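Enquirer: Take a look at the letters that make up each chain.
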Amino acid sequence: MNYNQLFKESVEEYESLLSGETPVILVGSATCGKSAGALEVSAAFKGELEEQGVIAEVIDVGCIGLCYLEPIVTIIKKGMPAIFYGEVTSKLAKQLVREYIIGNDPMGDYALGTLGEKQIEGIPKLYDKPVMKPQIRRILRNCGFIDPNNIKHYIAMNGYSGLYNALQMKNFDVIEKVKLSGLRGRGGAGFPTWMKWQFCIDSEENDKYLICNADEGDPGAFMNRSLLESDPHSVLEGIVIAAYAIGAKEGYIYCRAEYPLALERLKHAISEMKRLGFLGKDIMGSGFNFDIKIKEGAGAFVCGEETALIASIEGKRGMPRTRPPFPTTSGLWGKPTVINNVETMASVSLIMQAGHGSFSEYGTAESKGTKTFSLVGNVKNTGLIEVPLGTTLRQVIEEIGGGILDDGNFKAVQIGGPSGGCLPDSFLDTQIDYDSLTMAGAIMGSGGLVVMDQSSCMVDVARYFLEFIQNESCGKCVPCRLGTKQMLDVLTDITEGRGKSGDIDLLLELAEGVKEGSLCGLGQTSPNPILTTIKFFKDEYDAHINEKRCPALLCKELINYQIIPEKCEGCMLCLKSCPVGAISGIKNEVHSIDKDSCIKCGTCIELCSAKYNAIEPVSKY
Amino acid sequence: MSKSLNDILTSFSGDKSEIISILQDIQSNMGYLPEQAIMEVSKFTEVPESEIYGVATFYTQFRFLPVGKKHIMVCKGTACHVKGAKQIIEGIERHLGIKEGEVTFDLEYSLESVGCLGCCALAPCAMINGEVESNLTLRDVKRIFSRMKRNSIEKDYQD
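In order, the protein sequence lines correspond to chains A and B.
Add 37 to the 1-based position in the first sequence for the numbering used here, that's all there is to it.
Add 71 to the 1-based position in the second sequence for the numbering used here, that's all there is to it.
Hint data in this document are derived by calculation from the structure and do not stem from the laboratory.
All of these numbers come straight from a predicted model, not from anything done at the bench.
Glycine included, C-beta positions come from ideal geometry on N, C-alpha and C.
Among the clues, some could well be false.
[Said to hold, decoys possible] Here's a subset of chain B near chain A, in silico, CB distances under 7 Å, partners left out:
no.	residue
1	S88
2	I90
3	F176
4	L178
5	G186
6	L188
7	G189
8	I199
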């Protein structure tokens with residue numbers, strides 16, 4: 038069957054599903070949905086439908102990005118707009134079957150919003166909500182709306198029309214389209230995608246490789262996971278287009294093993310592509326041959342670095358090597374290789390489907406398009422968002438994110454993972470684009486935005502990143518291997534009350550040495566969390582070193598837990614739960630904590646905070 | 072169904088580029104990398120054992136000791152750290168009486184911390200035998216262990 042016939046058939050099938058007589062229930066079942074209970078909700082719908090003798094399609098879909106409201110369910114009934122429900126429980130699922138699937142009451146009190154032209158009284162439009170309004174969802178357009186296991190749903194949404202268009206052109210015309218779009222690599226470095234492809238073509242080798250980097254290792258980032266679980270074909274289509282552009286016959290997707298659902302979706306999607314002739318020999322009858330293999334990562338953050346990733350695919354230790362030669366000249370098996378990030382690939386398929394103008398109409402002069410970000414930490418509306426580059430941090434954190442959790446105070450936003458930096462409130466009006474963030478002292482990175490409030494200790498944050506990097510350093514370069522260890526030791530001393538005068542200068546000196554002396558990006562950027570926290574939060578370092586005080590009251594060696602007598606009701610809950618028996622007291626009388634036996638595990642604070650909030654950390658010194 | 076070591080090896084061609092994939096297959100079938108298995112991989116790929124150990128010890132996924140029937144991986148990603156992952160790990164350590172990287176004496180539970188599970192919006196998280204538990208509190212730790220114990224007793228009873 039040719040593509041145009043397939044497209045027509047897919048559209049008919051998808052539209053008859055959405056506007057047919059049978060109601061459709063979409064249950065958000067990506068990893069976060071599942072962890073919040075989506076599978077139980079899905080089973081509850083199916084069970085209740087069967088019990089009531091009613092027919093409806095229950096489909097497990099991907100993630101619309103409103104993770105803080107998981108499990109999310111969308112119900113589509115003929116003649117009505119699609120209605121989204123959040124925090125759905127098994128009980129609510131059964132009620133929805135009875136009241137809305139069978140009855141006509143959409144249970145507006147539980148609804149988040151509607152999608153479509155029609156409106157229902159009492160239920161806002163989903164995209165009018167502050168969390169959605171500033172977002173422009175292009176890369177994420179299908180996530181949560183299509184069955185990720187059904188290629189025809191993807192095709193119905195113009196899927197694979199990009200590949201179809203590309204195969205009608207010469208490969209250098211494809212590169213030209215990507216150049217006009219202004220797409221820069223979404224993995225973190227922001228290198229112009231077209232230029233990387235061009236370097237590869239310029240090499241005279243016949244054998245070339247295309248690798249998709251799905252080793253999303255930045256802690257705090259899950260954009261790629263969500264996209265692979267919710268809309269794997271958007272990435273796969275981009276991979277085949279890129280392979281065609283550079284003339285590769287073989288490609289790899291290097292996906293971390295910690296993403297089992299993403300791997301499962303990819304394997305199924307690839308088998309569907311082969312079945313329809315979108316992969317393998319003579320793709321879409323064009324004469325172009327290309328096949329993809331999946332390689333699972335084995336738990337090494339450094340394998341997100343291009344040359345380390347290549348070494349890993351070759352079965353070796355994932356240790357970076359010097360560049361030049363760059364992978365585009367000599368990469369996998371010594372052949373020219375292009376490595377592109379998952380979101381870069383999804384951007385390519387979008388550009389070739391909808392035209393380069395539809396991509397470049399958003400963004401800034403030097404940073405075109407939209408970008409996905411994971412907005413996490415101490416912000417109200419945590420989840421996966423997509424905004425045009427150039428949107429400010431304030432808009433993201435305050436408008437979309439809804440501000441700080443529990444109405445706390447914003448302290449910092451960490452951007453760019455372990456290679457990035459922490460920016461304080463004076464930078465909230467910084468635009469999120471490659472160059473503005475670099476000027477501010479951070480980097481865009483892959484898109485993780487971790488919001489911190491007054492409960493975060495910035496020295497501890499720096500120590501946390503150094504601990505991570507120390508574990509992940511491959512060990513090849515002395516400055517990285519030993520320098521990061523030394524920086525970690527100094528930071529540990531500071532957070533445990535052993536900081537001394539001269540430590541900050543020592544950290545800065547070590548940072549410079551590690552930056553200058555490291556071979557790869559991991560080492561070169563490892564001091565960034567320290568440098569930005571010293572620059573913007575020096576007062577916290579000074580308090581730890583000179584006063585043995587942690588302003589955030591987090592560092593265990595510098596605090597004690599204390600019961601507030603005026604608030605304690607003597608309920609004995611904390612006393613009974615203390616794992617080391619450090620709390621004493623009798624019923625209805627104020628309790629007390631023995632500072633010497635208390636291990637500051639947090640159990641008593643967690644239990645008491647909901648009831649009387651009578652326990653607090655205080656400075657030891 | 073577990074595959075035998077021979078079945079696993081013969082499904083590969085023996086090229087040294089397959090070493091990581093072979094080790095991953097062995098671990099998913101046996102739960103860890105036994106010494107004997109490394110010797111066989113060395114013979115099969117004609118790569119010295121020392122080199123195979125060099126690869127296996129580089130990657131955090133590979134284990135050289137068995138894990139418990141329930142293997143708990145607590146996420147130590149940035150969002151989880153900011154939301155209290157350290158306290159959760161310590162809570163689990165206290166509950167089980169083991170430290171990170173160890174197995175309980177009855178081989179029921181093992182515990183490790185991992186870089187990032189990618190469930191950051193619902194931090195703090197842990198993965199238990201492939202299933203993610205999210206928005207964890209110390210109270211949840213107790214609840215989850217009670218549930219696992221109940222399920223285990225039911226399973227033993229059915230067996």
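Enquirer: All hints, please: hold or fail.
Expert: Each hint tested on the structure:
1. S88: Holds, about 4 Å.
2. I90: holds, 4 Å
3. F176: Hint on F176(B): violated, closest Cβ of chain A at ~20 Å, above 7 Å.
4. L178: For L178(B), the interface hint is violated, since the closest Cβ of chain A sits about 22 Å away, which is over 7 Å.
5. G186: Since chain A brings a Cβ to about 6 Å from G186(B), closer than 7 Å, the hint holds.
6. L188: holds, 6 Å
7. G189: holds, 4 Å
8. I199: At 11 Å from the nearest chain A Cβ, I199(B) fails the 7 Å test, so the hint is violated.
When the structure is compared with the earlier hints, violations turn up for hints 3, 4, 8 and for no others.
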